[in-house]
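**Q** The residues making up each chain are set out below.
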Amino acid sequence: MDLGELVSCVGSLSCLVTQVSAGLTIGLLLFLVASGLTLIFGVLGLVNFAHGTLYMLGAYFALSAYAATGSFLVSTLAGTLGVATFGLLIERTLFRRIYGADVLMQLLVCYALILIMDDVVKIIWGGDFLKMDMPDTFRRPPFIIGGGIVPLFYLVLFGVTLAVALLLALCMGRTRFGRTVRAAAVNSTMVASLGVNTNMVFAAVFAIGAALAGLAGALSAPIRSVVPGAGVSILIESFIVTVIGGMGSIGGALVAALLIGLTRSFGSIGFPLFTEGLMFLMMAVVLLLKPSGLAGKHPA
Amino acid sequence: MSEPELSVQGLDAAYGASQVLFGVSFDVGRGETLALMGRNGAGKSTTLKAIAGVLPPRAGQVILRGKDMAGRKPYRVAHSGIAYVPEDRQVFPEHTVEENLEIAQKRGLDGTAGWTIPRAFESFPLLLPLRRRMAGRLSGGEQQMLTIARALMGNPAVLLLDEPSEGLAPLIVAEIGRLIRKLRSAGTTIVLAEQNSRFCLAVATRVAVIDKGGIVWHGDVEQFHTDPTVQSRYLQV
Ligand SMILES: Nc1ncnc2c1ncn2[C@@H]1O[C@H](COP(=O)(O)OP(=O)(O)O)[C@@H](O)[C@H]1O
Ligand SMILES: [Mg+2]
Chain A
1 MDLGELVSCV GSLSCLVTQV SAGLTIGLLL FLVASGLTLI FGVLGLVNFA HGTLYMLGAY
61 FALSAYAATG SFLVSTLAGT LGVATFGLLI ERTLFRRIYG ADVLMQLLVC YALILIMDDV
121 VKIIWGGDFL KMDMPDTFRR PPFIIGGGIV PLFYLVLFGV TLAVALLLAL CMGRTRFGRT
181 VRAAAVNSTM VASLGVNTNM VFAAVFAIGA ALAGLAGALS APIRSVVPGA GVSILIESFI
241 VTVIGGMGSI GGALVAALLI GLTRSFGSIG FPLFTEGLMF LMMAVVLLLK PSGLAGKHPA
Chain P
1001 MSEPELSVQG LDAAYGASQV LFGVSFDVGR GETLALMGRN GAGKSTTLKA IAGVLPPRAG
1061 QVILRGKDMA GRKPYRVAHS GIAYVPEDRQ VFPEHTVEEN LEIAQKRGLD GTAGWTIPRA
1121 FESFPLLLPL RRRMAGRLSG GEQQMLTIAR ALMGNPAVLL LDEPSEGLAP LIVAEIGRLI
1181 RKLRSAGTTI VLAEQNSRFC LAVATRVAVI DKGGIVWHGD VEQFHTDPTV QSRYLQV
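These protein sequences, in sequence, are chains A and P.
The C-terminal position of the first sequence is numbered 300 in the numbering used here, with every residue numbered one higher than the one before it.
The C-terminal position of the second sequence is numbered 1237 in the numbering used here, with every residue numbered one higher than the one before it.
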């Protein structure tokens, strides 16, 4: 533990800027994954333990697409749409059978998928750490703000994730599709009786959740190593985020993801050996004070 | 009689192992209002659920304008022109009145879009001032009107109503009766499950009586009115 270091960082603008920008980066990527997880849980009643696998696939798809085309736009789209398509496929064949089922059953199916996909990835891309090159467009000296370092790519990431978060909120809150999704989450039989093909709605929701994870994977590829099993740690953090934010709440997920991002970033200075523990500690505190999470309505 | 709008033939339905409907059959002509009457537990709600596809029938046919709907998924049945208002209303409580209507909006069988949100508010003026209110915060009567209006948003050929008067104050029941008669005069075919004979007599043109999962009597509402045995045998407790 190094509280002195932490205090001096908080006292210095440059360190503060560097850590906050790093924390927001972690948090916003986490938000993309967690918002899909919480959406799928809230609407489909599925605890998607394989959500981290979708993130990992997004990174691999992006990596290959970037190697083939050298375009960041193409690699991002490949990660997002590729995983959305993959999500649609497993939703139709596998997941739609376990909506609302016993969580143990869901865990079993998801765990099988995790193992299979980890091996598939090893066969296609090998078991080594890979990294996507930073696209040339973003290979510029970082911005120096108040003495702190903010890489250009971080700003791109902020822009994209915030735009996506806004789009998601508008889609769910302000469109007929979003209102239908929220109604189907509560009473799908009634929605179906009104002439809505709820299977299609559920498939679309799963695909959106998958696309968000794929996008996160694609955006992380230039700054994180891409490796089989990369989905596990982000899955655990996403669960922490959904528990802190409140299962099913996208707004709650945003706040919680940023909280976790900043905790990780500052924790790595103050408590380098206890950052993980710190996240669990936060979760425990939130659960004690508000068991349904920050934005949760119903007791968990 | 010309070809009926809706013809139910030999409908069997069951909850798991316990069979509840045993060959339910009846016809409804276009623009008629059929009251499906019977004691509590006779099988009225189950009949409507089986027609709507919510409880897939085990056997039998549900023929709408010559096409068999039996076994179709509920959303397909709805698309084929049958709208269903369940017993317990089932508004979307955390959506506004207007959003409840919006979710149900679709064109009818022949591409008609006669029912729109503005027209719904015209026909259900009580809902207009409540249009931005959460449906969960409406009174029972208001919710009942909302579910009927919502069902109409799909421009159905046939409207199934499960005990629309149940648990409502007499004034509201009268208002709902007026609405049903207005729908009938506009040409909508209606099947109404009811226990309340007074209400049925006020709104129906035809009556079918169901007992222990089978139709035991059917005829015009006037015949029903003047037949003393049917009421005492099948309807009174
Ligand atoms: N969900 C259900 N599961 C099992 N049995 C049911 C269910 N719903 C109704 N029943 C039974 O089916 C029979 C007919 O019920 P129902 O159609 O609801 O009658 P009604 O609407 O005429 O009062 C009753 O004996 C009732 O107990
Ligand atoms: Mg009933």
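If you are wondering where the hints come from, they were derived from the structure by calculation, not from laboratory data.
Among these hints, one or two may not hold up.
Restraint ranges, calculated between C-beta atoms of paired labels, are given here [unchecked claim]: (1) A:73 - P:1125: 49 to 55 Å; (2) P:1175 - A:173: 55 to 61 Å; (3) A:99 - P:1225: 29 to 35 Å; (4) P:1128 - A:189: 27 to 33 Å; (5) A:138 - P:1088: 18 to 24 Å; (6) P:1031 - A:99: 36 to 42 Å; (7) A:163 - P:1029: 55 to 61 Å; (8) P:1059 - A:189: 42 to 48 Å; (9) A:99 - P:1137: 39 to 45 Å; (10) P:1133 - A:122: 22 to 28 Å.
Glycine included, every Cβ here is placed at the ideal spot set by N, Cα and C.
**Q** Of all the hints numbered above, which does this structure not satisfy? Sort the numbers upward.
**A** The structure conflicts with hints 2, 3, 5, 8, 9, 10, although it agrees with all the remaining ones.
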